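Participant: Here the protein sequences come in this chain order: A and B.
First residue of the first sequence: 350, per this note's numbering; consecutive thereafter.
First residue of the second sequence: 350, per this note's numbering; consecutive thereafter.
FYI, nobody ran anything at the bench for these hints, they're computed from the structure.
Bear in mind the structure is a predicted one, so any value in this text is a computation, not a measurement.
Part of the chain A face toward chain B, derived, beta carbon under 8 Å:
| # | residue |
| --- | --- |
| 1 | 544 |
| 2 | 550 |
| 3 | 560 |
| 4 | 567 |
| 5 | 570 |
| 6 | 572 |
| 7 | 582 |
| 8 | 608 |
| 9 | 614 |
| 10 | 631 |
| 11 | 634 |
Over the 10 Å line for every Cβ pair with chain B, so calculated as not near, a few chain A residues:
| # | residue |
| --- | --- |
| 12 | 391 |
| 13 | 457 |
| 14 | 499 |
All C-beta atoms, glycine included, are put in the ideal place defined by N, C-alpha and C.
2 protein chains.
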Amino acid sequence: MIFGVGLIGGSLARGLRERAGHDGEVIGVGRRAHSVARALELGVVDAVATFDDDAALAQALDGADLVLIAAPVAQTQMLLERIAPHLQPHTLVTDAGSTKSDVIAAARAALGARIGQFVPGHPIAGRESSGVEAALPDLYVGRNVVLCPLPENAPADVERIAQMWRATGAVIGQMSAEQHDRVFASVSHLPHVLSFALVEQILATPDAELKFSFAAGGFRDFTRIAASSPEMWRDVCLANRTALLAELDAYTEVLAKLRAAIDAGDGGALETVFARSRAARQAWQERGGKRVASDATSEATSEGASAPTPSQSGPDK
Amino acid sequence: MIFGVGLIGGSLARGLRERAGHDGEVIGVGRRAHSVARALELGVVDAVATFDDDAALAQALDGADLVLIAAPVAQTQMLLERIAPHLQPHTLVTDAGSTKSDVIAAARAALGARIGQFVPGHPIAGRESSGVEAALPDLYVGRNVVLCPLPENAPADVERIAQMWRATGAVIGQMSAEQHDRVFASVSHLPHVLSFALVEQILATPDAELKFSFAAGGFRDFTRIAASSPEMWRDVCLANRTALLAELDAYTEVLAKLRAAIDAGDGGALETVFARSRAARQAWQERGGKRVASDATSEATSEGASAPTPSQSGPDK
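My request is simple: use the sequences and hints to build the entire structure.
Facilitator: As structure tokens, then:
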């Protein structure tokens with residue numbers, strides 16, 4: 350059963366059926382009747398229900414092996430509360446939320462003593478496009494899926510979730526929820542905020558049109574993520590507030606140092622920082638764009654890393 | 350004659366010869382003997398000299414129609430001072446610098462009463478790769494070249510420079526040096542500083558390796574420009590200091606507002622900003638990624654705009 354048949358949930362359904370040959374029934378549950386109808390029409394799922402159709406939920410959950418929650422993180426608790434009364438002891442629940450500490454708190458509140466049935470997860474895959482039409486069977490091939498197991502999870506249950514994702518081509522990593530939230534605040538949530546902020550700042554200036562007219566490849570790449578879902582990123586910012594503010598404050602300090610160097614005409618300081626950043630960025634790119642750590646506490650290795658999409662664009666001159 | 354046979358100068362030479370059928374001699378002048386030798390070896394230029402070979406410069410400038418300076422902006426004044434003693438009255442000089450107010454000041458200092466022979470320009474084309482090996486005959490096709498004519502420039506001379514760039518496939522825009530520096534501080538220089546700063550900030554944290562391990566498409570796009578030349582961007586930051594600091598301060602204010610909204614849990618404020626940014630970014634993308642204004646003071650039109658490279662990546666989930 351998949352709650353939220355958009356890009357993430359729809360791609361899992363397609364990946365399991367089209368890549369992994371899964372022949373069990375996949376039921377899609379969605380907020381809006383027309384989205385679930387569309388998922389059914391496209392053949393992504395076998396049957397559908399809406400969040401508020403309690404009878405259909407009860408029936409679907411009766412035989413469910415596995416439930417994925419792939420909805421905005423702010424809805425996690427509400428959805429788990431709807432699921433809880435019908436949750437069978439053999440059913441495992443996992444999620445695809447971009448933040449983990451808040452999702453775990455929501456799951457504990459909704460599931461209580463049955464929290465062991467919930468294995469927190471986060472597939473690192475996304476695109477600007479969203480909705481079930483954008484779902485792809487190969488979305489997860491070579492992508493990281495991070496699991497943040499709870500003390501209450503049975504190891505075999507964690508492995509069941511890992512196997513489901515591996516069947517779609519994903520590579521599994523594990524870390525604690527705190528590590529997860531700090532890592533993604535840094536490499537994902539903060540860049541999104543910074544990118545939204547740049548477009549917002551340009552819009553506030555009287556010559557915004559002229560600026561957009563001459564924006565080129567550097568702007569395009571930098572602001573690609575500013576085309577992301579406002580609702581999703583609002584939720585992520587609030588759900589991961591503590592870690593995000595810590596990263597944002599550290600970033601603002603770096604920026605203040607660079608500002609001081611520019612103001613003082615200190616070319617040496619600027620070049621040192623720029624050269625160090627470039628070296629790190631190039632090293633990251635050269636080792637495959639990302640490294641996959643199966644154990645976050647050990648040194649990461651490059652096994653299973655997928656090559657990044659080659660860029661056809663670059664910095665502006 | 351092209352001073353600086355790297356990506357920008359080399360691509361002009363190749364564009365003029367391979368696209369426009371230019372059959373005049375192209376002389377490449379460079380800082381290092383081995384780079385100019387490489388340009389000769391690759392057939393990008395017909396003859397070469399180094400910056401410090403005064404006799405060769407004198408000889409080359411004797412019959413030169415046009416000189417392009419395509420070196421880091423901080424070198425502009427030194428190069429123009431070397432050129433000045435040999436500059437013939439019929440020779441036009443232009444440049445490819447990313448900043449214009451400082452270049453114009455340097456040109457006035459070096460050329461004095463002959464400043465009318467210098468037409469300031471800026472081709473908006475660049476890649477992470479640099480050097481003459483990266484030069485392409487088609488680099489400028491559909492790209493903007495901004496000219497910032499001086500009161501002392503004869504209109505026919507400005508048109509000669511415009512025609513040269515048009516022959517490589519470029520689209521010409523005009524604006525004042527002040528407008529130019531403000532626009533590019535905003536859409537190019539600031540994003541570069543912000544991108545370098547993010548990598549720098551991650552490097553300063555104890556879990557940098559873990560963060561890089563799980564960085565995905567959003568990070569990749571956001572930091573692509575952090576792989577740019579430290580020397581060039583040091584020079585740009587210093588050369589365009591005033592405009593860059595103004596944009597950076599305005600940006601920091603926007604960031605402070607977003608920080609306050611995150612801290613206060615004000616989802617409405619976040620969503621408003623994110624939605625406004627997304628709408629503007631999507632509109633920019635839909636009208637071709639950039640718009641080309643031939644007269645910066647009028648409303649820009651979309652004529653001549655080239656489509657951006659389609660993205661194969663997107664925001665992280």
